[in-house]
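Participant: Chains as they are written, first to last, in my numbering: chain X, 1 to 308; chain U, 1 to 174.
It is worth saying that the hints were derived from the structure and are not from the lab.
Some hints here could point you the wrong way.
[Unchecked claim] For lysine-lysine, the following DSS-like pairs were computed, each having C-alpha atoms within a straight-line distance of at most 27 Å: (1) X/221 with U/150; (2) X/221 with X/250; (3) X/57 with X/221; (4) U/51 with U/106; (5) X/250 with U/106; (6) U/150 with X/66; (7) X/57 with U/150; (8) U/32 with U/79; (9) U/108 with U/51; (10) X/66 with X/221; (11) X/49 with X/250; (12) U/79 with U/106.
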Amino acid sequence: MNVPAKAIDVEVHGNFVDGSEVEAGKSEMLDVRNPATGDVIARIPNSTKEDIDRAMKSARTAFEGKAWGGMDIRARARLVNRLADAFEANLDQLYRLETLNNGRPVNETRAQLSRLPDFFRYFAGLALARRDAVIPVEGSYLNYTLRTPIGIVANCTPFNHPLMILCKSLAAVLASGCVTVVKPSEYTPLTTLRLAKIFTDAGLPSGVFNIVLGLGHGAGKMLAEHGDIDKLVLTGGTEAGRIAGAAAAKVFAHQTMELGGKTPVMVFDDYDIERAVNYAAFGAFIGAGQTCICASRHLVQASIYMNS
Amino acid sequence: MISAKQRDRVLSYCGFGRDQGARLVTGGEAAKIPGHENGYFVEPTVFADVKSDMRIFQEEVFGPFTSVTPFKDEEEALKLANDSPFGLAAAIRTRDVARAHRVAGKVKAGIVWINDHHRLDPASPWGGVGDSGVGRECGTESFDDHFHVKSVMVATNDAPFDWYRDTAGQRRLN
């Protein structure tokens, strides 16, 4: 692993609210470690209810404000494309930081992150190509649909693919004109914070992309329970999803949750065994198996199964 | 592993595999990496002869850990594959085109890879069924779920509306 074994400078971070990192306030501080060495590399606040409220207020203000809420759709699509370019220009520092923080080998992380700019470009394209419907109804009536961005998307992201899982949601959030409050895993907040800075420097209006730091059952739960969220996005364990989903249902927020998995891989006897083994190793062990889609149950036809 | 806690969790499943009678093929221990003695490492672990009622078949481990189970035919493969509270992804390895699509249609999953694994594309919907979650990311399925839809109904016939009558020219809606 391409990470320093000796202790490095410990960065102290705060929540990212209204376009910049803010002081943690009275929150207790949490250690962020390099899992390859166990070294503490950063400290983050365990956000309180007041901290969450502040980030939510920043998001709501941006959503309703002129700079973002009033931005023309073409201008927004151009901006999202510029953010994709900014991501690409900063790819080196992002994959190195992500590896430092979650321990995933550099070659895997670089490959994964190099694909993320295209997520922003794809959704920027959808924003421009989108059409509303004119619906044939009975009688002398014209029926059509109008769509308005839903508002604040609360997004709780996990430690295994911090930026990829963030960007899957963030690209759609930005292209649609929504705003977001992200609660990254307490283990891996560093690249999410770095990306917010990169996007803000590239012209994303303040308050569109906010970050609250802390524990899942603390800050994450308070965010999911917040009465002002319009959509909950959560990638994590099934039990965390059950708790967050129940909280979000109380305010009738939309929900998109990607939770646990136990991916079966069915290997039939007509398939090349060398290839099957290669896919088995890739499927099961990439990311050290810390993926919700990892090949965790191999089912092998008895005619090619080794009994000892 | 991301943390000592996660490493210990994976090791506990190595224990469940042994205790419930699965055959350990490789791994099963914390890995020692010179120069990284304080890091969190687990050996790549494979258990064979795993039965569908074992914990390592039913529960998510979230580590470099996989199980191997034999099946007789396509029907039994699907029965085993679908014997899970989860339904995120599934993979099929075969050269039989008809079987590949048949199994893809019947397996309980939101994502299926035929002769591939882990592929993700911004245009392709991503998500699961059952205990694997709700909704989809990526694709138009995701984009469309970022909007409120307002349906606007416009009367284009300016004739006076008699709300007691239900005629061909003026259908009552309730």
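Participant: Could you run down the list of hints and mark each one as holding or not?
Facilitator: Each hint tested on the structure:
1. For the hint pairing residue 221 of chain X with residue 150 of chain U, the CA-to-CA distance comes to about 31 Å; that exceeds 27 Å, so the pair is violated.
2. Distance check on the hinted pair: residue 221 of chain X and residue 250 of chain X sit about 13 Å apart at the alpha-carbon level, within 27 Å; holds.
3. A hinted pair counts as satisfied when its Cα atoms are at most 27 Å apart, and residue 57 of chain X with residue 221 of chain X qualifies at roughly 17 Å.
4. Our distance criterion of 27 Å between C-alpha atoms is met by residue 51 of chain U and residue 106 of chain U, whose separation comes to about 21 Å.
5. About 34 Å separates the Cα atoms of residue 250 of chain X and residue 106 of chain U, which puts this hinted pair outside 27 Å; it is violated.
6. With a C-alpha separation of about 22 Å, the suggested pairing of residue 150 of chain U with residue 66 of chain X holds against the 27 Å cut-off.
7. For the suggested pair residue 57 of chain X and residue 150 of chain U, the alpha carbons sit about 26 Å apart, so the restraint of at most 27 Å is met.
8. The suggested pairing of residue 32 of chain U with residue 79 of chain U is violated, with an alpha-carbon distance near 39 Å, which exceeds 27 Å.
9. Restraint check for residue 108 of chain U and residue 51 of chain U: the C-alpha separation of about 19 Å stays at or below 27 Å, so the hint holds.
10. Between the alpha carbons of residue 66 of chain X and residue 221 of chain X the distance comes to roughly 31 Å, so the proposed pair goes past 27 Å and is violated.
11. The straight-line distance between the Cα atoms of residue 49 of chain X and residue 250 of chain X is roughly 18 Å, inside the 27 Å bound, and the hint therefore holds.
12. A threshold of 27 Å between alpha carbons decides the hint, and for residue 79 of chain U with residue 106 of chain U the separation of about 10 Å falls inside it, so the pair holds.
Hint compliance for this structure: hints 1, 5, 8 and 10 are broken, all remaining hints hold.
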